[in-house]
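**Q** Input sequences plus hints: build the corresponding full structure.
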Amino acid sequence: MSVPRLIAVGYDGSADSVAALRWGAEIASTIGARLRIVHAVGLLEHAGLSGRCSPHEQAATDVACRVGLDIAQVEWRVRDGEPAAVLRRETLGDDAADLLVVGTRGAGAHGGGTLGSTSLDLAQTATVPVVVVAG
Amino acid sequence: MTTVVLAGPAGESAHDGGPHPESPARVVAAMKGVHDLHLGSDLVTVDVGPASREDLARVHSLRYLDELEAFSGRGGGALDPDTFVTSDSWDAACRAAGAGLAAVAELERRRDGVGFVAARPPGHHAVRSRGMGFCLLNNVAVTAASLVAGGARVAIVDWDVHHGNGTQEIFWDEPAVLYISTHQSPLYPGTGRPDEIGGARARGKTVNIPLPPGATGDVVSLAFSEVVAPAVDSFVPDWILVSCGFDAHRADPLAELALSSADFAALAATVQQLAPCGGRTVLFLEGGYDLQAVRRSTASTIGALVGDRTFPEDPTFGGPGADAVRAATMLRERALSEVDKECSGGGSLDAPHTGSRGAPTTRLRSDW
Ligand SMILES: [Zn+2]
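Protein chains in written order, with the working numbering: chain A, 1 to 135; chain B, 1 to 368.
Derived from the structure by calculation, the hints contain no laboratory data. These numbers come from a predicted model, not from an experiment. Among the clues, some could well be false.
Said to hold, decoys possible - If we take Cβ atoms under 8 Å as the criterion, some of the chain A residues that face chain B in the derived model are: (1) LEU44; (2) GLU45; (3) ALA47; (4) LEU49; (5) SER50; (6) SER54; (7) ASP62; (8) ARG79; (9) GLY81; (10) GLU82; (11) ALA85; (12) LEU92; (13) GLY116.
Unchecked claim - Ranges of calculated distance between the beta carbons of each label pair, as one might list FRET restraints: (14) A/ASP95 - B/ARG110: 52 to 58 Å; (15) B/THR45 - A/ARG52: 38 to 44 Å; (16) B/ALA78 - A/ALA59: 43 to 49 Å; (17) A/ASP94 - B/ARG109: 51 to 57 Å; (18) A/THR125 - B/ASP66: 43 to 49 Å; (19) A/ARG77 - B/ARG53: 37 to 43 Å; (20) B/ARG111 - A/ASP95: 53 to 59 Å; (21) B/GLY40 - A/SER54: 47 to 53 Å; (22) A/GLU57 - B/ARG111: 57 to 63 Å; (23) B/ASP91 - A/GLY68: 49 to 55 Å; (24) B/ALA78 - A/ASP70: 34 to 40 Å; (25) B/ALA78 - A/VAL3: 34 to 40 Å.
A virtual CB, placed ideally from N, CA and C, is assigned to each residue, including glycine.
**A** Here it is, written out as structure tokens:
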């Protein structure tokens with residue numbers, strides 16, 4: 001495969017997603033790729049009913065910059081939808097990501113097994129390489 | 001007077017996730033709306049049983065069904081940040097999925113009337129391989145797939161404020177199903193663009209009309225008169241199923257459309273005009289999270305179908321979105337013509353209709 005030019009990282013503020021973001025930023029910095037931090041907004045978060053604070057752009061970009069990535073190479077993107085579907089859409093169309101990075105488990109994720117797992121869903125369905133980072 | 005066949009309540013006490021907007025109280029509110037109409041002998045309630053494995057397997061993968069049943073059996077948990085599973089969710093979901101089948105069976109027996117499914121958890125976000133967006137099993141899809149397996153053509157009209165990504169995905173390449181959705185955009189689940197028009201075997205059988213926040217009843221009615229009605233009319237369905245969410249109501253906490261309960265009555269009246277011979281129309285409760293709005297909207301919607309036009313709220317006018325309806329039509333036509341060009345010399349958009357198992361479908365519209 002060719003060297004990735006645009007890496008999309010799934011980010012929801014959870015510890016695993018921070019680990020994924022840090023890994024994605026380090027790789028982007030090393031190979032000169034851009035980094036897109038993608039946050040999927042669900043039904044409850046849209047209504048302010050998720051019971052958690054929504055992730056902040058500043059906190060996310062700070063993580064990326066702390067590992068040496070130029071802020072100009074970092075993009076923050078918020079999209080409505082279920083996380084795996086949102087990340088899959090990032091690999092389609094113009095300016096598509098050619099590498100996806102996710103944590104093993106997100107905030108509010110399932111209690112185990114394969115049901116509802118974003119990382120497993122993407123590993124099975126994405127058309128670009130997927131990296132799953134343990135927190 | 002039209003007879004209302006009520007399938008439910010189902011989920012009025014089970015599948016309780018605690019402080020969550022998708023609560024058992026929603027079905028209780030819908031039932032109050034039904035009873036507010038005092039339909040007497042024109043209301044027929046049917047028993048709801050669980051959908052069978054065969055029914056569910058038409059629209060969901062066996063692996064997902066096994067996993068969901070086992071997860072619920074272990075006590076459940078969070079399926080995703082929106083969607084919960086409890087120890088009784090599997091049974092509740094199977095009953096919700098079976099409710100539409102019970103309504104259809106009774107309507108077929110009576111050869112008259114209109115069905116209303118007062119069941120939860122809702123279904124239209126559930127895709128083939130997973131639940132999401134408060135939905136575990138795709139209730140409307142289970143009923144539609146059962147009808148298609150019997151040779152029918154089914155139009156699904158989805159006026160829930162959210163796009164029914166699950167229903168669209170399940171029938172993406174099914175020429176015997178027409179799926180039409182009006183929904184707020186941008187909003188969860190992020191799907192439902194006008195250029196999403198269906199798979200190779202079913203080009204044009206998916207119709208999406210995204211509307212901006214603030215759109216009022218007159219705008220949705222415009223979408224129904226200019227897009228939904230012509231599409232259903234030319235499809236000539238044997239059944240119309242409605243994904244009847246009430247979360248496009250202006251009081252709903254999960255979205256920003258601005259309809260009143262009276263507006264749902266207008267949409268229901270349009271659907272009724274499109275209904276196949278003998279009714280053959282079933283409405284499925286989907287979303288709707290303001291309990292008073294659910295109660296009023298249920299009463300208005302069913303009231304419109306039985307000729308009761310006393311609405312507690314006025315219709316709404318003047319919101320944005322008329323241009324979005326026209327833009328959706330244009331984008332859809334452009335997408336269709338691009339496919340047409342690609343297909344020229346190699347197949348037709350209007351391929352012969354086939355059922356879900358490849359058997360030719362039978363036109364049932366005048367079969368009563
Ligand atoms: Zn909804």
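**Q** Could you work out which earlier hints the structure fails to respect and list their numbers in ascending sequence?
**A** 6, 7, 12, 16 and 18
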